[in-house]
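Undergrad: With chain A's structure known, arrange chain B on it following the hints.
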Amino acid sequence: MESPKISKISRRSFLQITAGVAALTGMSMPTNAQAGSGTLSTLIDLSLCDGCVDRETPACISACRRINKDKIPKVVDSIPEPWPRKTIEDWSKKQDVTNRLTPYNFIYVHKAEIAADGRRQTIFVPRRCMHCDNPACATICPFSANHKNDNGAVVINSNQCFGGAKCKDVCPWEIPQRQSGVGIYLHVLPGLMGNGVMYKCDLCNDRLKEGRLPGCVEACPRQAMIIGPKKDIEAQAQTRAQQMKGYIYGKKENGGTSTLYVSPVSFELINKTMTKKPGQPDMKPDVKRRMVGTDPLGKTVLASPVLGLAAAGVLGWFSRRKEQIKTKEKDHG
Amino acid sequence: MAEKILSEKNLVVRHSFLELIEHWAIAISGLLLLFTGIFELPVAKRYYIITVPGLGWSADFITSLYIHYAAALVFTAVGVFHLAYHGFRGENGMIPQKGDLAASVKVIKSLFGFGQEPPMHKYLPEQRWAYVGMAFIILMLIISGLIKTYKNIYAPDMSLAIVLTATWIHNIFFVLFFLAFLAHMAAIALRPNWPMVRGIFTGKVRLDYARHRHPLWLNDMEKVDVFPVPVQPAPLPEEFPVIEKAENSPVSEMSKGVDKNNE
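Taken in sequence, the protein lines are chains A and B.
So in the working numbering, spot 319 of the first sequence is number 319, and the numbers just go up one at a time.
So in the working numbering, spot 253 of the second sequence is number 253, and the numbers just go up one at a time.
Because the hints were derived from the structure by calculation, they are not lab data.
This structure is a prediction, so every number in the text was calculated from the model and none was measured.
Don't be surprised by glycine CBs; every beta carbon is placed ideally from N, CA and C.
Here are some, though not all, of the chain B residues that point toward chain A, as calculated from beta-carbon distances under 8 Å:
id : residue
1  : LYS45
2  : GLY79
3  : TYR150
4  : PRO156
5  : LEU160
6  : LEU164
Derived CB-CB ranges, DEER-like:
id : chain 1 : residue 1 : chain 2 : residue 2 : range
7  : A       : ASP331    : B       : ILE200    : 30 to 40 Å
8  : B       : TRP24     : A       : LYS93     : 53 to 63 Å
9  : B       : THR202    : A       : ALA311    : 23 to 33 Å
10 : A       : VAL188    : B       : ILE50     : 17 to 27 Å
11 : B       : TYR131    : A       : LYS209    : 46 to 56 Å
12 : A       : LYS93     : B       : PHE136    : 44 to 54 Å
13 : A       : LYS209    : B       : LEU111    : 57 to 67 Å
14 : A       : LYS93     : B       : TYR131    : 50 to 60 Å
15 : A       : ALA235    : B       : HIS184    : 53 to 63 Å
16 : A       : ASP331    : B       : ARG191    : 44 to 54 Å
17 : B       : SER16     : A       : PRO84     : 39 to 49 Å
18 : A       : LYS209    : B       : TRP24     : 46 to 56 Å
19 : A       : ASP331    : B       : TRP57     : 58 to 68 Å
20 : A       : VAL188    : B       : SER7      : 52 to 62 Å
If we strip away everything but chain A, and leave its shape as in the complex, we get (with noise of 0.2 Å):
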């Protein structure tokens, strides 16, 4: 079956799902998202998320395992042990965990139960890595294995990665998993340099660019999730939010993502049901991005070239000045 194209998201959700805010608000549709034109983003929205509890495992879920089913190559059978750390991550006999991101689970639903305001609510909250805006996992990628592209997927490339973990490290929600016993490490250094690949949500950005719908978004039947332009998603997610008094969760967290959630529940009510486990990032809000401390310095480090041919410029001048003043007076005795 023909899966639907980009282009149809705006029809399809903002006519299902917004038509009445829209109406109510005068706000015009969206225009169409065609892959690869501009910064798309993606919008999930918690009052319409229901956690599937009528299925086994979540639709979002299930579209993503299925899509991504083959990404990774069988592991070696006997995985280099690396030295001196021996950590090695294997999910291999472990694929079926759906509870948590994994290198084989690159979403899952988090169920918080939250009492407000006298009254118990139950909030399902998709989680996945959230494409930051100005990622950290990729643009302090050593090898550049990891590139936000031009779309706003941040997509690591699994034939390039070593899986040194550095961009789990420095990523706030600790998205990207291991799994050891595979990749470009084997036919280098396997003991001493890499340690298998890093495995995320890269958006479905193979689909995007055939005009493509994302599996979790093609699959959820609440349409809680909706992409589009970024623009006018940050638009949408203002519009719901105000409708439903909610919150917005992501639009500023980590310098701003291209993934926004709108719920009617505050996000620090439904951090405080997170703990931060591996791979159960938490949800904490106004989460700042660390390198934003460095861009003074960086700026000054783009400057420094002229710092260095301005001071060329003015050293030179006043030695030459010298000479020129030390010629004049053995001239004149």
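TA: The following block gives chain B in isolation, referenced to the frame of chain A:
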């Protein structure tokens, strides 16, 4: 140039104060870049570097990046200053000259006891080649580093082809920089080069050493010195008719500049 013979102290001024500052600014910032560059790889935890007293921060990539940027600021500014300032003054004594390659082989062989060392100018022929090599490595590191810095701040979605090219140039030349640094240290470890070591700390080397090993340099200086010191040139092998060469050499030209200064 501050080259000057201080015969009463048995010393020759080999480097100006400015040159010493340039050298040490590049050396210290370069070493910081080398180490923080290594710490930008996921090695500090794996290799227990974090357990070394004082290096607990080494696994924090953002802290390393702060230091890397601070060192890059000095490294780039001083590198560009060096090229522009000395280029502007026409000081090209470290640029390889005709015949340097063959002379380098002779010098290196002599360092290991094979044959006799030819008489030399201020800089050894292989020193000039090493300088150009190191300058090229530094230039590539600076250019690729600037692209990476721009990407980090302004353009995380920069063309992947540009990002990959800059990254791999930076990584490859990082290794070459490390090897060049080791070669530099190895050159210092060679006994005949020991007298030059004090020069890079104090700016001065021993006059008797310079007279013995760098007679062409001394020759040039003494030819133009206002207060010439009696020269006892070291006996030179006949196959090195160096005086004629020295007439047109950059060192000779530089010495003429010194002459003007001294006058």
